[in-house]
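Here is what each chain is made of, one letter per residue.
Number of protein chains: 2
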Amino acid sequence: MGEANGAPKERGPSAVGGDQAAVRRGNLARVLGEIRQPGTHSRAAVAARTGLTKATVSSLVTELIERRLVRESGRQQAGNVGRPGRLLELDGGSVAALGLEVNANYLAVRGVDLAERVLVERRVAFDGAATDASEPVGELARLAEDAIAQVRGAGALLAGVGVAVPGLVDVPTGTVRYAPNLLWQDVPIAEWLRRRLDLGADVTVAVDNEANLAAVAEFGSEANTASNLVYLTGETGVGAGLISDGRLLRGSDGFSGEIGHIPVDPSGARCGCGQVGCLETRIGLVAAVRTAAPDLAGTALDPEELAQALLERAEAGEPRALAGLDEIGRWLGVGISIAVNLLNPEKVVLGGYFATVSPYVVPTAMRELRSRAVAGQAAICPITASAFGFTAAARGGTGVIAEEVFRDPWRAPLGAEVSPARSEDTA
Amino acid sequence: MGEANGAPKERGPSAVGGDQAAVRRGNLARVLGEIRQPGTHSRAAVAARTGLTKATVSSLVTELIERRLVRESGRQQAGNVGRPGRLLELDGGSVAALGLEVNANYLAVRGVDLAERVLVERRVAFDGAATDASEPVGELARLAEDAIAQVRGAGALLAGVGVAVPGLVDVPTGTVRYAPNLLWQDVPIAEWLRRRLDLGADVTVAVDNEANLAAVAEFGSEANTASNLVYLTGETGVGAGLISDGRLLRGSDGFSGEIGHIPVDPSGARCGCGQVGCLETRIGLVAAVRTAAPDLAGTALDPEELAQALLERAEAGEPRALAGLDEIGRWLGVGISIAVNLLNPEKVVLGGYFATVSPYVVPTAMRELRSRAVAGQAAICPITASAFGFTAAARGGTGVIAEEVFRDPWRAPLGAEVSPARSEDTA
Chain A
1 MGEANGAPKE
11 RGPSAVGGDQ
21 AAVRRGNLAR
31 VLGEIRQPGT
41 HSRAAVAART
51 GLTKATVSSL
61 VTELIERRLV
71 RESGRQQAGN
81 VGRPGRLLEL
91 DGGSVAALGL
101 EVNANYLAVR
111 GVDLAERVLV
121 ERRVAFDGAA
131 TDASEPVGEL
141 ARLAEDAIAQ
151 VRGAGALLAG
161 VGVAVPGLVD
171 VPTGTVRYAP
181 NLLWQDVPIA
191 EWLRRRLDLG
201 ADVTVAVDNE
211 ANLAAVAEFG
221 SEANTASNLV
231 YLTGETGVGA
241 GLISDGRLLR
251 GSDGFSGEIG
261 HIPVDPSGAR
271 CGCGQVGCLE
281 TRIGLVAAVR
291 TAAPDLAGTA
301 LDPEELAQAL
311 LERAEAGEPR
321 ALAGLDEIGR
331 WLGVGISIAV
341 NLLNPEKVVL
351 GGYFATVSPY
361 VVPTAMRELR
371 SRAVAGQAAI
381 CPITASAFGF
391 TAAARGGTGV
401 IAEEVFRDPW
411 RAPLGAEVSP
421 ARSEDTA
Chain B
1 MGEANGAPKE
11 RGPSAVGGDQ
21 AAVRRGNLAR
31 VLGEIRQPGT
41 HSRAAVAART
51 GLTKATVSSL
61 VTELIERRLV
71 RESGRQQAGN
81 VGRPGRLLEL
91 DGGSVAALGL
101 EVNANYLAVR
111 GVDLAERVLV
121 ERRVAFDGAA
131 TDASEPVGEL
141 ARLAEDAIAQ
151 VRGAGALLAG
161 VGVAVPGLVD
171 VPTGTVRYAP
181 NLLWQDVPIA
191 EWLRRRLDLG
201 ADVTVAVDNE
211 ANLAAVAEFG
221 SEANTASNLV
231 YLTGETGVGA
241 GLISDGRLLR
251 GSDGFSGEIG
261 HIPVDPSGAR
271 CGCGQVGCLE
281 TRIGLVAAVR
291 TAAPDLAGTA
301 LDPEELAQAL
311 LERAEAGEPR
321 ALAGLDEIGR
331 WLGVGISIAV
341 NLLNPEKVVL
351 GGYFATVSPY
361 VVPTAMRELR
371 SRAVAGQAAI
381 CPITASAFGF
391 TAAARGGTGV
401 IAEEVFRDPW
411 RAPLGAEVSP
421 ARSEDTA
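Residue numbers (the UniProt record's numbering), protein chains in the order written: chain A, 1 to 427; chain B, 1 to 427.
So here's chain A without its partners, still in its complex pose:
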């Protein structure tokens, strides 16, 4: 094992035998993982903490520097025994991740580098249900193309694209099986994007449900301390992203979290999915507008503008808006209590328009939850508003790509030309 780890200058799966390559690949991630931790890091300290030899760590660090994932920070370590070593820190400035989101009413793109600098961020209104799937995917590809150009202009190479879709996704193939609010069925979006964007085989395209990706973004946010949380999207559709013991619950086929289609109102309206009285027919954005601001139904406002309008009317004390949001809060509480009784999360996080109008829906939802939580006071958890608003899913898209690189640094794109400005950092 020591030889494989320590082998200098050998890179790529073809350079080292199968098992040794796998070991080196794993150790590369361990070393990068150490350097991601808060605090200062020398090669010697990383060796001590990982249990690898100093020679092995040196070789691995050389590779991480070549891959532009790590850089020497230029400061000297003082007061130690032996020759003072240079300190190491996360670089990541030349590796970028793109997050895309298709929604019923908008398309969004967000590009960041692995040092978490935002390189590009954009959202455009779009009527997803008005056309067949090829048009929104074409539009999304154009957005992505522009974003990739901006990313490259900033001196970064693309590691991958994470795509959020409001529907059921077959994650291994990147195919949207069914997205009721887009009227999509069996859309191989990963393949389409890969072809239109002419992406190389080394660029990951990861497609997932928007609620899953938003939950991942929320879970990974600095403010979060919960390892069990339920994230609820609040857009045209309502879905849940479930994090349990720090892991995303995808279920057997990746189709978990369809809380919006749990029937809660037998005397209710017909849902886009074909059933009657789904939770979504009571608390989706369309229902909220119909209930709290019916004059805005059918206007060209995008979800964020609608959410803002609802908030402003409630703040102005408009009775219809207040009564409508109270009604939304009650049904939201019904839905949340189902998730709480089944999953006992540490907190529920509201996204989308729920987050915008949270002061007007959370108190009623909490009251409903209190009366419905079987475990009583002990299991009642706070209902909080996401700080990420309508950007959560695209953030999650960049997050999964970044995590993939950190988990397996060989996925970082090779050959990034060091721009003059950046090359000084490691000189």
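Incorrect hints may appear among the rest.
[Claimed, not checked] Not close to chain A: a few residues of chain B, all C-beta gaps over 12 Å, as computed:
{"#": "1", "residue": "ARG30"}
{"#": "2", "residue": "GLU89"}
{"#": "3", "residue": "GLU327"}
[What the hints assert, rightly or not] Between beta-carbon pairs, the in silico distance windows are:
{"#": "4", "chain 1": "B", "residue 1": "GLY74", "chain 2": "A", "residue 2": "GLU66", "range": "52 to 60 Å"}
{"#": "5", "chain 1": "B", "residue 1": "ARG247", "chain 2": "A", "residue 2": "LEU183", "range": "57 to 65 Å"}
{"#": "6", "chain 1": "A", "residue 1": "GLY33", "chain 2": "B", "residue 2": "PRO38", "range": "33 to 41 Å"}
{"#": "7", "chain 1": "A", "residue 1": "ASP186", "chain 2": "B", "residue 2": "ALA297", "range": "46 to 54 Å"}
{"#": "8", "chain 1": "B", "residue 1": "ARG330", "chain 2": "A", "residue 2": "GLY274", "range": "43 to 51 Å"}
{"#": "9", "chain 1": "A", "residue 1": "ASP408", "chain 2": "B", "residue 2": "GLN37", "range": "24 to 32 Å"}
{"#": "10", "chain 1": "B", "residue 1": "GLY200", "chain 2": "A", "residue 2": "ARG370", "range": "40 to 48 Å"}
{"#": "11", "chain 1": "B", "residue 1": "GLU139", "chain 2": "A", "residue 2": "ARG370", "range": "33 to 41 Å"}
Hints are computed from structural coordinates only; laboratory data are not their basis. Even for Gly, the Cβ is constructed at its ideal location relative to N, Cα and C.
With chain A fixed as given, assemble chain B onto it according to the hints.
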């Protein structure tokens, strides 16, 4: 590290320094884990597979033999280079685990050794709701006492007791927070049992929800291949045990799985939990008897006898029974579709009376699930009957104790006197 692993004759946390002890303890589990795998095992083969030195493995095997978890099987390994070694196999015959179950209508006990021999199994009818908690716990302790005597008579020492309760359990303290069908609130059952049974500190007492333990038993059964499953108890109460990616989902406080108290019928009956129209009021055993065999309501039959009576009437073609079970099947499908939409399991396993009458409820439940599963055909999973019937929870109780010993062999009780019959096995 090598020294700590290889140190011969050193045992127990006090014999080795903290870190070294932890490493040895971990390696003990790794070696035991190898020997648990199917196939033949020599010390040399275990060394090769674990990456530990032969000296280390020899020392660890000596300790596992002393703890009666492993024995030499007496056969010689042929055809290998070097001196032929003796083969090793799981012993476990002197270490026992007890599973206890408190239910609304019965108490049950099951004792097995770690070789999975059943040493004792008993169930007695009991009206849990008729008295305060101390009486059923007293009765349970008497059952356990007899069982422990039988276990000891069979030459085994007790590693621990796993207790299944139909309610919300604070797992770390072994306290039942709330069990609606027993009318229990804040019952420190682990502490009570430990005191009444005079158990030493080295004997584990693990309390958990009955559905959780039944799900663990189902997941660990030889026939099971699913790593995502939902287990539904079918007794007076209805609860779910959730296994996701091979892990039990406990939620933040251990209160997950309360599917029985999801409101499904706003015009329904009041539930023991205080709400109206809970799933349990539609598919609990009381509802089943009321709907399918009302003349049996209030009789002294225990749940298994009631389930059998329902089955016999349905098999005889009695219209009331058939119509009633069909109605149960429909509501069961409503409940299952909630779990499927939220969790997307690979299969749903029915326990308790659901399993007994499964031919008469599953077809209707499947029809309901098909019409309600958002993901359509792709996410519809089979609904199967557990083979463990009413014994699943007690089986899960012994299972968690056994797993604890396998995960950390230092938890196996020391000082088991080898009975004459058993000592021949390792001679």
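Now the hints, each set against the structure:
1. ARG30: 16 Å, holds
2. GLU89: Given that every Cβ of chain A is farther than 12 Å from that of B:GLU89, nearest at about 29 Å, it holds.
3. GLU327: Since the minimum Cβ distance to chain A is about 16 Å, B:GLU327 lies beyond 12 Å and the statement holds.
4. B:GLY74 - A:GLU66: 52 to 60 Å: 57 Å, holds
5. B:ARG247 - A:LEU183: 57 to 65 Å: 36 Å, violated
6. A:GLY33 - B:PRO38: 33 to 41 Å: For B:PRO38 against A:GLY33, whose Cβ atoms are near 34 Å apart, the range 33 to 41 Å holds.
7. A:ASP186 - B:ALA297: 46 to 54 Å: 50 Å, holds
8. B:ARG330 - A:GLY274: 43 to 51 Å: Violated, at about 18 Å.
9. A:ASP408 - B:GLN37: 24 to 32 Å: With a Cβ separation near 28 Å, A:ASP408 and B:GLN37 satisfy 24 to 32 Å, so the hint holds.
10. B:GLY200 - A:ARG370: 40 to 48 Å: 42 Å, holds
11. B:GLU139 - A:ARG370: 33 to 41 Å: 35 Å, holds
Violated hints for the displayed structure, listed by number in ascending order: 5, 8.
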